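Colleague: Required output: the full structure, derived from the provided sequences and hints.
So the protein lines, in turn, are chains H and P.
5 is the number of the first residue of the first sequence in my numbering; add one for each residue after it.
5 is the number of the first residue of the second sequence in my numbering; add one for each residue after it.
None of these hints come from the bench; they were simulated from the model.
Hints may be right or wrong, so weigh each one.
[What the hints assert, rightly or not] Computed Cβ-Cβ distance ranges for the label pairs, DEER-style:
hint : chain 1 : residue 1 : chain 2 : residue 2 : range
1    : P       : Gly58     : H       : Tyr170    : 47 to 53 Å
2    : H       : Thr30     : P       : Gly105    : 31 to 37 Å
3    : P       : Arg82     : H       : Asp311    : 16 to 22 Å
4    : H       : Asn144    : P       : Ser65     : 25 to 31 Å
Values in this document were obtained by computation on a predicted structure and should not be read as measured data.
Beta carbons are placed, not taken as given, at the ideal position from N, Cα and C, and that holds for glycine.
2 protein chains.
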Amino acid sequence: MTIPAVRTFDNHTPLVDTELLPGRGTGVNAAHRMYEHLIGIWATGVIEAAHDLGAFTALISGPATASELSSKLGTDLRATRVLLDGLAAYDVVERSRAADGQAVYTLPPEMHDIFAPEGLYSLVGKIRHDRNVAWSAWRNLATNVRTGARNSDGSQQLNQISEEDYTSLVRGINFWAPPIAATLATALREQGWTDGTGRTLLDVGCGTGIYSQLLLQEFSGLNARALDAERIIPIANAQAHRLGVADRFNPEIVDFWADDWGTGVDVALFVNIFHLQTPESARELLLRSAKALTEDGVIAIADHIVDEDSTDGNTQNRFFRLFAASMLATGGGDAFTVHDYDQWLADAGLRRVALLDTPMHRLLLVKRA
Amino acid sequence: MTIPAVRTFDNHTPLVDTELLPGRGTGVNAAHRMYEHLIGIWATGVIEAAHDLGAFTALISGPATASELSSKLGTDLRATRVLLDGLAAYDVVERSRAADGQAVYTLPPEMHDIFAPEGLYSLVGKIRHDRNVAWSAWRNLATNVRTGARNSDGSQQLNQISEEDYTSLVRGINFWAPPIAATLATALREQGWTDGTGRTLLDVGCGTGIYSQLLLQEFSGLNARALDAERIIPIANAQAHRLGVADRFNPEIVDFWADDWGTGVDVALFVNIFHLQTPESARELLLRSAKALTEDGVIAIADHIVDEDSTDGNTQNRFFRLFAASMLATGGGDAFTVHDYDQWLADAGLRRVALLDTPMHRLLLVKRA
Numbered sequence: 005m006t007i008p009a010v011r012t013f014d015n016h017t018p019l020v021d022t023e024l025l026p027g028r029g030t031g032v033n034a035a036h037r038m039y040e041h042l043i044g045i046w047a048t049g050v051i052e053a054a055h056d057l058g059a060f061t062a063l064i065s066g067p068a069t070a071s072e073l074s075s076k077l078g079t080d081l082r083a084t085r086v087l088l089d090g091l092a093a094y095d096v097v098e099r100s101r102a103a104d105g106q107a108v109y110t111l112p113p114e115m116h117d118i119f120a121p122e123g124l125y126s127l128v129g130k131i132r133h134d135r136n137v138a139w140s141a142w143r144n145l146a147t148n149v150r151t152g153a154r155n156s157d158g159s160q161q162l163n164q165i166s167e168e169d170y171t172s173l174v175r176g177i178n179f180w181a182p183p184i185a186a187t188l189a190t191a192l193r194e195q196g197w198t199d200g201t202g203r204t205l206l207d208v209g210c211g212t213g214i215y216s217q218l219l220l221q222e223f224s225g226l227n228a229r230a231l232d233a234e235r236i237i238p239i240a241n242a243q244a245h246r247l248g249v250a251d252r253f254n255p256e257i258v259d260f261w262a263d264d265w266g267t268g269v270d271v272a273l274f275v276n277i278f279h280l281q282t283p284e285s286a287r288e289l290l291l292r293s294a295k296a297l298t299e300d301g302v303i304a305i306a307d308h309i310v311d312e313d314s315t316d317g318n319t320q321n322r323f324f325r326l327f328a329a330s331m332l333a334t335g336g337g338d339a340f341t342v343h344d345y346d347q348w349l350a351d352a353g354l355r356r357v358a359l360l361d362t363p364m365h366r367l368l369l370v371k372r373a
Numbered sequence: 005m006t007i008p009a010v011r012t013f014d015n016h017t018p019l020v021d022t023e024l025l026p027g028r029g030t031g032v033n034a035a036h037r038m039y040e041h042l043i044g045i046w047a048t049g050v051i052e053a054a055h056d057l058g059a060f061t062a063l064i065s066g067p068a069t070a071s072e073l074s075s076k077l078g079t080d081l082r083a084t085r086v087l088l089d090g091l092a093a094y095d096v097v098e099r100s101r102a103a104d105g106q107a108v109y110t111l112p113p114e115m116h117d118i119f120a121p122e123g124l125y126s127l128v129g130k131i132r133h134d135r136n137v138a139w140s141a142w143r144n145l146a147t148n149v150r151t152g153a154r155n156s157d158g159s160q161q162l163n164q165i166s167e168e169d170y171t172s173l174v175r176g177i178n179f180w181a182p183p184i185a186a187t188l189a190t191a192l193r194e195q196g197w198t199d200g201t202g203r204t205l206l207d208v209g210c211g212t213g214i215y216s217q218l219l220l221q222e223f224s225g226l227n228a229r230a231l232d233a234e235r236i237i238p239i240a241n242a243q244a245h246r247l248g249v250a251d252r253f254n255p256e257i258v259d260f261w262a263d264d265w266g267t268g269v270d271v272a273l274f275v276n277i278f279h280l281q282t283p284e285s286a287r288e289l290l291l292r293s294a295k296a297l298t299e300d301g302v303i304a305i306a307d308h309i310v311d312e313d314s315t316d317g318n319t320q321n322r323f324f325r326l327f328a329a330s331m332l333a334t335g336g337g338d339a340f341t342v343h344d345y346d347q348w349l350a351d352a353g354l355r356r357v358a359l360l361d362t363p364m365h366r367l368l369l370v371k372r373a
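Modeller: Right, here's the structure in full:
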């Protein structure tokens, strides 16, 4: 197999020294590659175990030896050393030597926020959600491939994410926002935006509101209307205060399908909303957006949008297709293609004006046809 | 955190386009990196689901569309497409387009052997073992870090691998052998071996016998004595016939600790044996080897031997430390250091003569002191 040339990126932790293998295209090489994929579960397991034990909370307060940490956490000494060495293997902690030769483990400063529950870009919500849902869902993915994630009466299974899990998860994916918000801000400046005075952003399904809030920081004259369910709005409100933009962040409890969205919207923003739609509901969202939009307004859709025309091995497409598998595992959602979106846009009297790559999404910009 | 410079290798499937992120050392970057680690479970899940459904067996018989495969396997069409696209994202299958625009999925020839139960370098045994043991072990790693994988009476937990699992697993890790056997063969040639006539290899805990068998192929005059338990020997025997070396492959059912190992051994080989020992049993194995060895004989230990002196981010050390975490998860075993081995060797009147890297092991060569 000629594996398409992929760019390699910083995040990789190689566990197989492939330079010492025979040439490409042999079964032995392929087996080593598959083995490395099969042990992907180890990364999840090591990090989540450290989370479960409170190891990150302990390391946020300062570096520690295995012995100090096992006393603090009430864990077995040798096993704690093995766990810490495992974290160091993935560069989650730094491992250095004290004067007495003992290994000392340090959680680097930029990781504190990630493993603290209240960190702005904390992954704790994502980890909690995965502890509850992901292991069993992925362990039993074959079942949903058999049934198509349908119930025995043929109806589509709802996404397994419970309300509580969603509330947890919604805080755990804030980290996706900065590069997406930066890409959108650049695009809006190219459309003539300066400080956004007189402009209105409509954030449909705002979650924590992080996208709106970062844009409000970018554009000091912008106002945002942020729509979501009743149990989410307090989270968004608190975070708007934390980020100093509460005076221009206006949350509204809205039923997207029943309630009116108003008018005069300059940018209608949908982040991770479309992948949970059916083709019918996707069309409906676009029609409702079009009604709310000013004449030269923009719809901005950040989602897992597969571009069939991009090169083989495109990193975004890979992630989006696996995200679709993840949604299949937990029941519900899909990664739609550019082609799908173009058809829905045409049906709603809209047209695509840009498709921009971000690290783990694409940003689709839309105007009236 | 300054992540130590790591060499990147062929096996990586990047899922985050880190080039589009802000600079290193920011929390947002670190969160993207941790997220990519946390979704390591996806690779395991996608490949094992395809195995569970018989998708690989079907694709070994020829390329197929999602529609053809879902008919054959009795699975949901859309979900089958999502699964196949997930496999393509990890370069497990190739995805191309038929004339009618439908995606066609091909399992490349070098992958057939890997996913066929009877393939020489098949991973099926490893996958079966992981289905039985690994998911729950890794999901609950924190428990073993608390207890040190000890039973409530304080005794060390035995490795969870049942006899049946072991028999399955032992066939599933044959793929490790070729680069290790090649490295050992080169070292023996450097010691003056030509075709190995008159030489005897003792393979202690031979498993399928793959290491002996590859060395018998390399050295046409060599004879091997292969020691293992009664239920393993028939597997080794059958494979020796398959590889055409049965006439020089002599299996012996032996209790390593009670029975005599004989004498006149030129090479005593231990592959993945030492990581399951305690310091006491490791010393005992070395003493027994020394008694069996000719005056200029060699002990060859292929294992997960951590070299504390190698550079930060060394790929072998990373893998070995995670392998230790894997053994902690399933209860039993450790990755010992070069320092540990050197002490045991000194105690047994032996000395280290070489330490050689292979893709996923180190090969330690030992002689009389």
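Colleague: Give a verdict on every hint.
Modeller: Status of the hints after comparison with the structure:
no., hint, verdict
1, P:Gly58 with H:Tyr170: 47 to 53 Å, "violated (35 Å)"
2, H:Thr30 with P:Gly105: 31 to 37 Å, "holds (33 Å)"
3, P:Arg82 with H:Asp311: 16 to 22 Å, "holds (20 Å)"
4, H:Asn144 with P:Ser65: 25 to 31 Å, "holds (26 Å)"
The structure shown violates just one earlier hint, number 1.
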